[in-house]
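Numbering follows the numbering used here, with no gaps: position 494 of the sequence shown is 498.
Honestly, the hints are just simulated from the structure, not real lab data. One should not assume that every hint holds.
What the hints assert, rightly or not - Below, a list of computed lysine to any residue pairs in the SDA-like style, where the Cα atoms sit at most 25 angstroms apart:
1) K156 x A297
2) K156 x T120
3) K126 x Y138
Since this is a predicted model, take the numbers as computed values, not measurements.
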Amino acid sequence: MRDRINQSYALNTGDYFKFDPSWFVLSHEATPMRTTVQPYGLAGDRLNVIHNGEAVSPFEHFPEPDGLMDMNDLPSALDGEVYLLTGPRGRLFGGGQSVATLLTRSKRPDDYRPETALLVDKGSFLYSFARGRYSKIFTGGREMDLSVAYRKADGLYYNHFEDSYDYYGSLYEPLSADYGMRVVGHLYDRDGRLAVRPSSPYGFGSLQARDRFDRSLRIGAVRHNRSHTARTEVGYAHLRQGSYLTQVYSADFNKWGHGGYIEHEFVRGNRMFAVSADADYLKYQYSPRNETATRWTASVDVTAVALTSPFRYGLQTSVEYVDGFRFLPSGTAVVYYESDRLYTSGSVGYSERAPALHELNLQYQSAPVYGASPTVYADEGNRYLITEKQLVGCLDIEYGADERSLGLRLTGGRIKDGIDWNRLQGDTVTFRPMNGDIDFATATGLAAYRLADIIRLNAGASYHWIDYERFETRAYTPEYQVFSGVEFHLFWSQKLIDLRAYGEAILVGPYDGYDTQGLGQDLVINGKLSFRMGGFRFHYIFHNLLSRVYYPREQFMNIGRYNSWGFTWEFLN
Numbered sequence: 005m006r007d008r009i010n011q012s013y014a015l016n017t018g019d020y021f022k023f024d025p026s027w028f029v030l031s032h033e034a035t036p037m038r039t040t041v042q043p044y045g046l047a048g049d050r051l052n053v054i055h056n057g058e059a060v061s062p063f064e065h066f067p068e069p070d071g072l073m074d075m076n077d078l079p080s081a082l083d084g085e086v087y088l089l090t091g092p093r094g095r096l097f098g099g100g101q102s103v104a105t106l107l108t109r110s111k112r113p114d115d116y117r118p119e120t121a122l123l124v125d126k127g128s129f130l131y132s133f134a135r136g137r138y139s140k141i142f143t144g145g146r147e148m149d150l151s152v153a154y155r156k157a158d159g160l161y162y163n164h165f166e167d168s169y170d171y172y173g174s175l176y177e178p179l180s181a182d183y184g185m186r187v188v189g190h191l192y193d194r195d196g197r198l199a200v201r202p203s204s205p206y207g208f209g210s211l212q213a214r215d216r217f218d219r220s221l222r223i224g225a226v227r228h229n230r231s232h233t234a235r236t237e238v239g240y241a242h243l244r245q246g247s248y249l250t251q252v253y254s255a256d257f258n259k260w261g262h263g264g265y266i267e268h269e270f271v272r273g274n275r276m277f278a279v280s281a282d283a284d285y286l287k288y289q290y291s292p293r294n295e296t297a298t299r300w301t302a303s304v305d306v307t308a309v310a311l312t313s314p315f316r317y318g319l320q321t322s323v324e325y326v327d328g329f330r331f332l333p334s335g336t337a338v339v340y341y342e343s344d345r346l347y348t349s350g351s352v353g354y355s356e357r358a359p360a361l362h363e364l365n366l367q368y369q370s371a372p373v374y375g376a377s378p379t380v381y382a383d384e385g386n387r388y389l390i391t392e393k394q395l396v397g398c399l400d401i402e403y404g405a406d407e408r409s410l411g412l413r414l415t416g417g418r419i420k421d422g423i424d425w426n427r428l429q430g431d432t433v434t435f436r437p438m439n440g441d442i443d444f445a446t447a448t449g450l451a452a453y454r455l456a457d458i459i460r461l462n463a464g465a466s467y468h469w470i471d472y473e474r475f476e477t478r479a480y481t482p483e484y485q486v487f488s489g490v491e492f493h494l495f496w497s498q499k500l501i502d503l504r505a506y507g508e509a510i511l512v513g514p515y516d517g518y519d520t521q522g523l524g525q526d527l528v529i530n531g532k533l534s535f536r537m538g539g540f541r542f543h544y545i546f547h548n549l550l551s552r553v554y555y556p557r558e559q560f561m562n563i564g565r566y567n568s569w570g571f572t573w574e575f576l577n
């Protein structure tokens with residue numbers, strides 16, 4: 005996936021998913037003030053995110069909640085490897101759900117020289133995104149990954165003034181040949197405004213100020229055996245998150261978490277085994293009355309993976325105890341077969357998810373966020389929610405080699421008592437999380453073609469079938485998606501310069517908003533020109549090259565073409 009990202013562009017982690025039409029990527033505005041990803045078009049929070057081995061789960065609440073995370077809130081400066089794991093396969097790597105997983109890893113140095121880069125993107129609507137990364141393995145065994153990022157944007161609709169700061173660090177410090185300490189920390193802060201229905205027929209809706217922060221820390225003591233075929237880690241984990249809303253809708257939401265964990269991994273022959281246990285205490289405080297809710301959780305997880313080719317398999321089972329919901333079991337089985345020209349993978353998984361404290365305890369509040377519209381907005385939690393049960397299977401087949409291949413993926417399952425934020429109709433439009441059964445299936449075809457090092461073509465199409473028990477139709481669930489991208493490469497040998505031209509076409513099938521039917525169905529074409537000299541690469545991007553005026557989200561108009569440019573400079577490599 006990293007090569008395709010480099011061919012195209014990634015202004016946030018949401019852009020990782022556009023190359024595979026199994027995923028529905030949706031931005032509120034042209035400059036991505038908020039970008040969400042829905043596996044197979046499914047609504048709700050059903051995506052695992054695992055960054056450098058750690059599960060990441062940003063928390064935010066805003067008017068018209070959907071339970072989805074903002075892809076702008078995920079650290080990306082260190083991402084060297086990117087994997088989109090459809091179906092339950094992500095549970096083998098620590099994911100808590102069986103539907104789909106984003107797995108990213110830092111780009112590890114090949115030797116003791118550091119991996120560094122300065123990444124800069126600038127564009128229309130006062131958009132600016134600067135990131136720096138540094139990774140190094142020292143001769144004494146110390147390992148270090150560091151990144152810093154600053155993002156600024158005003159957005160298509162004026163006076164957003166959004167700023168975000170992102171700091172990430174991972175350090176392993178050997179204390180002896182067998183013992184060491186591992187510290188992982190993440191600091192994130194964002195403030196700005198998000199427009200609520202800016203193209204409403206009743207006039208401009210409102211600008212809702214939203215501030216969010218995320219702080220996490222893990223400190224672990226690590227022990228290796230002499231042959232380094234076994235590792236044990238015992239540690240402490242801390243989480244602090246907040247989502248603050250002011251102006252029309254005013255509320256403060258705060259989360260504090262403290263926990264402990266133990267992990268043991270070992271290799272026996274051609275198999276790897278992992279056993280882990282953890283427990284944590286979470287406190288949730290919500291306004292406007294500053295009431296609190298608390299929860300204890302504990303889990304045990306066992307994973308076994310066969311490492312040798314051509315046939316490999318992975319098995320995972322776990323049980324989680326959640327205060328108020330008792331014991332929640334899960335299990336996953338994955339099989340792989342890989343030869344020179346054929347790759348097949350099959351997986352099936354079952355997992356259960358307890359409703360979040362926020363979904364249970366959000367206090368009722370109404371606010372005129374729709375401007376002059378007579379509609380009154382409100383949201384509230386639902387203390388009667390029960391656990392969600394996910395049974396998902398995935399079959400993946402790919403034939404070919406050397407980037408000349410055809411692939412077919414079938415994914416589907418049943419989500420019993422699925423937890424989704426739903427809009428209730430009445431004098432006051434109220435959003436409330438509710439349980440409801442969901443049956444879904446997605447068929448995806450993929451193709452890749454490469455002609456020497458001159459032309460690279462990638463294409464794919466998906467069809468989504470989703471049946472919601474409570475609704476005939478569900479907002480923002482498209483019927484089909486199509487993607488195609490092609491890159492032309494020329495090497496200018498006299499100047500040692502790589503010249504590249506890239507174009508991509510994205511088509512999303514029809515889907516509905518809350519009040520508007522027939523969104524989507526607009527062909528969007530993007531282009532990119534770039535050149536590379538050694539460790540420096542410059543790019544210029546044409547977004548929405550055909551200047552199409554369309555509504556990707558209800559009452560959020562995309563006004564046409566806009567541009568951005570940037571560079572990547574690997575200055576110390």
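Between K156 and T120, does the CA-CA distance stay at or below 25 angstroms? With Cα atoms ~23 angstroms apart, K156 and T120 stay inside 25 angstroms; holds.
Under the criterion that the straight-line Cα-Cα distance not exceed 25 angstroms, is the pair K156, A297 satisfied? Answer violated: K156 to A297 is near 35 angstroms, above 25 angstroms.
What's the verdict on K126 and Y138, does the C-alpha distance respect the 25 angstroms limit or exceed it? holds, 22 angstroms
When held up to the earlier numbered hints, the structure conflicts with hint 1 and nothing else.
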